[in-house]
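Here the protein sequences come in this chain order: U and Y. FYI, the working numbering numbers position 497 of the first sequence as 497, with every residue one higher than the one before it. FYI, the working numbering numbers position 128 of the second sequence as 128, with every residue one higher than the one before it.
A portion of the hints provided could be inaccurate.
Which copy is meant is left open, so a pair is good if it fits within one copy or across any two.
[As the list claims (entries may be wrong)] With a Cα cut of at most 20 Å, we get these calculated DMTMM-like pairs of lysine to aspartate or glutamate:
| # | residue 1 | residue 2 |
| --- | --- | --- |
| 1 | K51 | E68 |
| 2 | K568 | E59 |
| 3 | K88 | E142 |
| 4 | K499 | E215 |
What the hints contain is simulated information worked out from the structure, not anything from laboratory work.
2 protein chains.
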Amino acid sequence: MRTSKYLLATLRDSPKSCSVISHKLMLRAGLVRCISSGLYVWLPTGLRVLKKIENIIREEMCKIGALEILMPIVQPADLWEKSGRLIKYGKELLYFRNRNNKGFVLGPTHEELVSKVFSKDIISHNRFPLIVYQIHTKYRDEARPRSGVIRAREFLMKDGYSFHINKESLQKTYNEMHEAYINIFNRIGLKFCVVQANPGKIGGMLSHEFQAYSETGEDTIALPIEFNNNFSNLKLSSCIKFTSIPFKEIFINETIRLVEDSSISSLEELISKFNLSVNSIVKTVLLQISTRYVKSPNSFLGIVIRANSKISDKKIKMILERYGYVLLSYVNVEEIYKLTGAQPNFLGPINLSVPLIIDYNAAVLDNFIAGSDVSGKYFFNMNWNKDILLPIIKDLCEESDVNFHNGGKSMPIMQNCTEIGHIFQLGQKYSNFIYDTVKKSSKNNISIEMGCYGIGITRIVAVLIEQNYDKNGILWPTIIAPFKLVIIPINMHSSVEVKKVAESVYEKLLQMPIIGMDILIDDRQEYLGTIFTDMELIGIPHMLVISDKGLTKGEVEYRDRKSKNVRKVKLNMLVDFLNKEIFYL
Amino acid sequence: MRTSKYLLATLRDSPKSCSVISHKLMLRAGLVRCISSGLYVWLPTGLRVLKKIENIIREEMCKIGALEILMPIVQPADLWEKSGRLIKYGKELLYFRNRNNKGFVLGPTHEELVSKVFSKDIISHNRFPLIVYQIHTKYRDEARPRSGVIRAREFLMKDGYSFHINKESLQKTYNEMHEAYINIFNRIGLKFCVVQANPGKIGGMLSHEFQAYSETGEDTIALPIEFNNNFSNLKLSSCIKFTSIPFKEIFINETIRLVEDSSISSLEELISKFNLSVNSIVKTVLLQISTRYVKSPNSFLGIVIRANSKISDKKIKMILERYGYVLLSYVNVEEIYKLTGAQPNFLGPINLSVPLIIDYNAAVLDNFIAGSDVSGKYFFNMNWNKDILLPIIKDLCEESDVNFHNGGKSMPIMQNCTEIGHIFQLGQKYSNFIYDTVKKSSKNNISIEMGCYGIGITRIVAVLIEQNYDKNGILWPTIIAPFKLVIIPINMHSSVEVKKVAESVYEKLLQMPIIGMDILIDDRQEYLGTIFTDMELIGIPHMLVISDKGLTKGEVEYRDRKSKNVRKVKLNMLVDFLNKEIFYL
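Build the full structure now, drawing on both the sequences and the hints.
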């Protein structure tokens with residue numbers, strides 16, 4: 001492809017409105033444009049990346065025998081009414097009536113529809129297990145779309161479904177799908193981990209989430225101590241998603257008790273009186289906040305941190321902003337007394353009926369001490385998820401405080417993550433759709449087990465960028481890059497020789513099978529600075545710089561975008577060099 | 001692919017509800033399933049065909065420098081309000097409000113959105129002409145979805161858009177796109193023609209439709225006399241779409257006049273008195289009809305045929321059915337007199353305020369004679385589209401009457417067609433979206449010309465089937481077939497030798513680049529009859545039958561699905577034979 005015939009659509013400056021790095025780079029590098037809150041147009045460069053992810057998914061789905069299909073986005077609402085999800089799914093399900101006053105929804109997922117459609121065919125063809133999937137547009141009516149394509153209204157998903165005549169067959173496919181997901185994310189080059197998801201949500205059956213490391217991720221995962229920044233080490237279930245499953249039992253070894261001592265009026269007195277470590281105490285701070293846009297009645301938020309930590313104003317504000325709120329003030333002593341009847345030291349999470357956010361360091365504690373919201377009374381031996389459900393966990397304190405220690409014990413590493421995949425064993429939850437269809441047949445006594453398997457394709461692009469960028473732009477893994485290699489001819493429009501060689505190299509590479517599609521030549525009449533800035537921003541991993549100077553020695557210059565390594569390559573060795581050292585990637 | 005691992009989803013019997021052959025075959029061959037009126041699931045076999053059409057389109061778009069993008073299906077309604085189409089587009093535009101009460105539409109097309117999104121990038125990068133396209137789902141809230149995927153609510157389209165700084169550039173891209181469409185439809189193997197579409201609809205600019213021959217098509221095209229059943233002969237503008245553009249001026253050479261002669265009371269008297277040819281007279285028949293499902297108040301329909309033609313009850317009923325109506329009765333003499341005050345002989349299209357359908361043979365007449373709806377008065381020298389707008393044209397009469405003669409003059413051939421592509425020169429119709437965006441820049445005095453270009457991808461599958469089937473099923477062109485070749489081992493599960501050879505042939509073909517993806521082996525434990533029935537129904541163009549009998553002679557049998565030709569091929573020559581005679585297709 002020639003840049004003169006392409007639409008780079010790069011932006012010199014970051015759009016002011018976006019705070020998330022991946023969103024900023026996706027706009028600047030010309031991957032997407034926002035048309036309305038949560039609705040994005042994928043430009044040529046962005047679509048090239050999407051298609052490569054799609055193809056890796058297709059190949060891995062094919063390997064485990066999953067068949068590709070295409071289901072409508074618009075679904076009859078009566079299917080959702082029957083499954084009970086028309087109400088249960090909540091406001092994210094977009095419902096509308098068509099011109100004939102019939103109810104429809106825009107599909108955020110397809111369990112009902114796929115069960116209804118396939119039941120007859122799988123049974124009449126006795127086709128078990130059947131694994132189908134589609135790669136198609138989904139819609140969720142998000143209240144507050146944010147973080148660019150990560151939490152958009154319309155997005156691209158791979159959603160797969162499997163049908164089985166027994167649990168063993170379901171478990172086998174579930175395992176194969178699990179393996180396929182690991183292959184997919186590894187091939188894409190993602191740093192990710194697998195966590196067992198809350199089983200309560202889907203009725204006691206198995207479910208796993210695939211979580212990718214992402215600075216701005218909304219989930220918090222505790223990585224195991226042996227993690228050592230090596231994601232490929234991570235084994236199934238060795239990670240914990242903080243917000244959805246309880247801590248391991250090992251943390252909880254004592255029973256909570258209420259300790260009363262009216263002589264205590266400060267933290268220092270508490271520590272000295274009971275001979276405690278300051279590391280075992282949490283304090284609770286009350287904030288007054290307001291929604292950002294609509295001046296709604298002010299509301300309160302509780303922040304729980306370790307007693308010796310210092311709240312970071314900046315972090316608090318950033319977190320509130322992400323949820324659409326602003327910080328009005330820290331509630332002072334008089335107001336706390338007016339609201340709770342207690343001194344500020346005795347504030348604690350258990351009896352405080354306001355939303356809570358917990359700092360990492362406080363979240364990893366066990367058998368800790370907290371206020372009881374009654375002056376002179378403390379809870380001792382408190383444990384999250386036993387005495388109080390662990391609320392949202394965030395990094396709330398000054399950097400120097402983030403140490404994750406717990407009285408000398410090794411602690412897990414806390415990591416912000418974004419969910420990129422989710423697999424479920426659904427059991428017979430949607431079976432009534434299947435049995436209704438075949439009620440008239442003689443086979444209505446069979447029991448069909450079902451699994452479902454999702455991958456968020458569009459958000460993978462954003463997460464990949466969060467994992468791979470530098471100050472100049474994106475650092476794509478070669479396999480996913482919109483173009484693998486760019487030829488940059490220096491002064492092409494004035495040097496006959498450079499133009500001749502550049503065009504001949506381009507033509508030669510263009511002829512290479514598959515690779516040919518991924519070669520770019522920057523033939524614009526632009527400043528050299530603009531060309532390099534654009535190519536680094538877009539993140540093309542490999543560059544060939546062709547200049548008069550190099551050509552006098554019969555050389556071109558190869559540059560690696562990520563390592564910034566430069567190598568001189570003899571022209572007659574070029575294709576060989578590229579094949580051996582670059583294109584095998 | 002092995003049929004045992006695939007989902008054929010073939011049906012033994014035709015579903016009763018569908019009358020259109022392509023719809024019937026698409027259901028029976030397991031290409032699609034209907035989930036709700038106008039909403040279809042594409043099963044593996046159907047999706048394979050769709051993807052092949054998509055890829056041909058992508059290749060041809062790439063050749064003319066069009067860049068692929070992806071736009072959201074959900075569009076902000078304010079864009080449509082601004083263009084005036086929120087109202088103008090009519091009820092087929094699905095409008096909804098989201099949870100924040102903001103208005104959106106499900107995009108049936110994307111002119112507004114693409115103009116708004118791209119204006120800034122094309123102008124700032126000075127990137128003219130820019131041609132972009134997407135292949136994505138569209139939604140039209142059809143009142144009466146019908147003919148399977150041909151008139152569905154949700155469907156797949158290629159929609160392309162181009163931006164230019166002058167009319168010459170637009171015309172150049174328009175011509176290239178026109179050529180690309182011809183290449184696409186030729187490669188797919190469609191019989192089609194190009195007609196100039198009604199220019200009035202888009203304000204005097206140019207527009208062409210690509211119309212494919214289709215028994216059940218809703219459009220009627222007059223093919224030129226030299227057509228001779230050879231679609232590849234057809235040149236641009238040599239066809240006329242009856243329902244959208246006027247007859248050529250040449251037909252109209254006299255002025256209408258009202259002739260009064262109260263002595264005439266019958267057709268015979270009229271002919272003998274004025275020495276007329278019966279071929280120059282039309283008669284009008286009044287029908288009483290009702291909507292099929294809802295018993296609405298009965299309404300009337302006028303039918304205009306040649307005076308010597310005989311209405312076909314069957315055809316009338318079929319046409320009404322397609323529009324959701326049923327025939328109640330032919331209105332009799334007394335009722336006509338009551339309704340119009342005229343004798344039935346004097347009924348005519350001009351003063352009759354009921355919807356009209358015109359028979360082919362009546363539609364091709366010029367300077368003809370018709371009743372005036374006043375007894376004793378006839379209109380002479382009447383011409384369609386001059387004295388009265390030509391209404392819907394259909395084949396309404398008994399077969400023997402369809403002769404298309406007009407007083408010895410050669411007449412065009414009338415052909416039912418389905419629109420598969422449409423290209424428009426839009427001019428500056430959507431320019432306000434572009435100028436708004438760049439109003440602040442210094443370049444706001446440029447004028448941007450725009451073109452748009454659509455292909456209905458899902459309906460192409462149906463139309464292809466209508467052009468290619470026999471009593472056993474579909475006859476796919478090889479390039480589009482879901483699988484190019486099927487290996488049918490006879491008694492594979494009892495003959496060790498057949499199994500061995502079949503598997504080895506399958507493995508060998510599987511390794512072939514590209515072709516390998518399109519090889520099927522029917523390894524089911526099924527009756528041979530079922531296997532052949534399925535494979536012929538699905539329409540796999542090439543079959544290799546491997547049997548013990550053949551193997552004793554070192555042969556396999558090759559069968560051509562369409563011609564039914566059978567050839568014995570030596571096993572050691574098989575790959576060579578396939579490469580030379582089959583796969584080059």
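Against the structure, the hints come out as follows:
1. Proximity of K51 and E68 under a CA criterion of 20 Å is satisfied in both settings, with 15 Å inside one chain copy and 11 Å between copies.
2. Taking the shortest alpha-carbon separations for K568 and E59, neither the intra-copy value of 36 Å nor the inter-copy value of 36 Å comes in at or below 20 Å.
3. For the homomeric pair K88 and E142, the shortest alpha-carbon distance inside one copy (15 Å) is at most 20 Å, but the shortest distance between copies (30 Å) is not.
4. Taking the shortest Cα distances, K499 and E215 never come within 20 Å of each other, neither inside one copy (43 Å) nor across copies (56 Å).
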